[in-house]
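Peer 1: Just so you know, the protein sequences line up as chains A and B, in that order.
Counting along the first sequence from 1, when you hit position 144 you're at 143 in numbering that gives the first Met the number 0, and nothing is skipped either side.
Counting along the second sequence from 1, when you hit position 192 you're at 191 in numbering that gives the first Met the number 0, and nothing is skipped either side.
To be clear, the hints were calculated from the coordinates, so they are not data collected in a lab.
Everything numeric in this text was worked out from a predicted model, so none of it was measured.
Think of the CB as a built atom: it goes at the ideal place given N, C-alpha and C, for glycine as much as any other residue.
Among these hints, one or two may not hold up.
Short derived list, chain A residues pointing at chain B, Cβ under 8 Å [to be verified]:
1. Ser-43
2. Leu-93
3. Leu-231
4. Ile-286
What follows is a set of in silico ranges between Cβ atoms, one per label pair, in the way DEER data are often shown [as the list claims (entries may be wrong)]:
5. Tyr-138/A - Met-160/B: 21 to 27 Å
6. Glu-92/A - Gln-82/B: 55 to 61 Å
7. Gly-140/A - Ala-178/B: 39 to 45 Å
8. Ile-22/A - Ala-256/B: 44 to 50 Å
9. Ala-256/B - Leu-118/A: 50 to 56 Å
10. Leu-23/A - Ile-48/B: 54 to 60 Å
11. Glu-119/B - Gly-151/A: 46 to 52 Å
12. Glu-286/B - Gly-245/A: 40 to 46 Å
13. Ala-256/B - Trp-296/A: 34 to 40 Å
14. Gly-151/A - Thr-185/B: 36 to 42 Å
15. Ala-256/B - Pro-291/A: 31 to 37 Å
16. Glu-306/B - Val-147/A: 20 to 26 Å
17. Ile-182/A - Pro-297/B: 26 to 32 Å
18. Leu-248/A - Ala-120/B: 27 to 33 Å
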Amino acid sequence: MLLNRLKAGGPAIAKQGILVAFILFMIVFSLMSDRFLTPDNVMSVFRQSAIIGVMALGVTIVVIGGNLDLSVGSMLSFATVLVVDLHDKVGPELAIPIMVLATLCLGAINGFLIGILRLNSLIVTLGMLSAIQGLVLIYSGGQNVDIVDQRGTWFAIFGRGSILGIAAPIIIFGLLAIIFHVIMTTTPFGRKVYAVGGNPTASVFSGIPRSRIVFTTYLISALCVAVAAIILGSRVMGSQNNVGQGYELQVLAAVILGGTSLLGGAGSILKTVLGVLMLAFIQNGLILMGQPYYTQWLVTWAVIIVAVWLDVAAKRGRLFSPIA
Amino acid sequence: MNKTMRILLASCGTLALATAASADTVRIGITQNNVGIDSYQTTYERAFIAAAEANPDVEVIVLDAGGDVARQISQMQDLIQQQVDAIIIWPTDGQALVPAVRNAHNAGIPVVVTNSNIAEAGMDFIAAFSGPNNIQQGIYSAEMMCDALGGEGQIVQITGMPGYTTAIERQQGFDERLAEMCPDVTQLDIQPGDWNRERAQRTMETFLTRFDNIDGVYSGDDNMGVGALNAAIDAGRAEGMVFIGATNFAVGYDAMARGEYWGSVYQSPVDDAEAALQTALDVLAGEDVPKLNYFDTPKITQDNMEEFDRPVF
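Chain A extracted, bound-state conformation (with noise of 0.2 Å):
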């Protein structure tokens, strides 16, 4: 049925492989537990999707870039010790400059190692990964950071705060998948990132500057761990060490789930958007349920999967490979 619908052209929406996916799982959920679709509910998954998510917008443009960034996890960590620690420090008017420029010289290593000198992407952000680790138990000396003063800082508003009854860590997410999504569909900037990442030759004789465009994608994936951090760090008002270990393998599933082409040029913000709210919304739902976590790992990844493949049947407008 939905085969021959995709034969046909059909409405537009059967070519969203992913939107489709999504809406099924939605109502599938939504049968099994009165509590899913409630708007209390709702709002909270949006919330708690927030720091993968922001994450995750920086990823897709590194990856519709044609490289991986596998650093996101240790630099969360890095970005939020370094706020929560300096926050009692400094205060936060000047703790959070300092960790942003602090986070985008990371970035800036990122982007001088795979951009300028063209090293491979999953090796210098694999090598990141630990290297940025070591970096903050250095920093830290092990030791786990809390903010003292708790309820009395500004800086709670990141996390905590609301405006007109949504929290501020949905507004921070929202307006930057929308900015980032005008700034790869409108821009020329973006346009070089598509270009760069489905044919790096091509587009250098095209006269692209591949290397300062590249460097740029790993400024904004640090741009956005940093402003994850301050959601994570004013949400929990301390860090562990390692607080963001792991989350770089959430951010890359929440974008491949998104449909983002792993060889590059080809990705969407706002689908990376739905992709981090599907597993966001999946880890909720089958607590809701009362399932045992096993179950959520493996609904999690069957559901990337069948996602996965519903996209690539609503791109070559049928279900098996022709090839088969």
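Following the hints, position chain B against chain A.
Peer 2: Leaving out everything else, chain B in the frame of chain A:
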């Protein structure tokens, strides 16, 4: 060629070390799990070195596996090569380290396991285990929960990382004791928080959506417990909710002082480190050391917290 060189180097090193150590000092090697990854392990290492330095008859070789099983196995081999008098190990993986521990045992070097125990298959090869009794800690938490709730209510549980011995044992002790001591306290659900405060906060938020009535929360450590507390405060539902944790962290201690957190289990990394060294010394002195040596991890609540120092982590 390469191999010969390595053997030569190793034997030179061993020779140098052997001559350096005088006759009556004992040499103890320790390979730790992952120093620096959390405050507990960092404090543990510092306390261990301090305790060793305070004892003129002890010389220690302090190694850290950085959470890497393969590195810890090679560190075990190095320590065996160096013919230390005893090895203390904080296993990165209770199962995978069994062969390495057996090698040390076969080489005649007694092995003391510290903090988290080795798998059952390795128990024959160790001289002793020294560490906290996590099942007992779960029991203590269950008893505090019962007391705080007056024997009835509905609670949720947030556990540590799935698969970790500490997480499994604390949950086991808690579940069994709770069912036995107050059957009228029902556990609505049990979900992991992965020892991560933000993850625990997310789990608690979902619990709050799902259940209209939660009387108590048991978390596998205070770090997660404070995450759960934050979620309840944000939802405006913390009032009257009982929060019980384990491994008292500074944040938990502070929340207890504010009256927001009910109780926890006090586990000192300093006691942990000193107990490990003492156990190794007792083994070397030829004393009859029991297989399982637990150091005391008492209950800490709002009522008795002034008897304890604020944790350094």
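Peer 1: Out of the numbered hints, which ones does the structure contradict?
Peer 2: 2, 17
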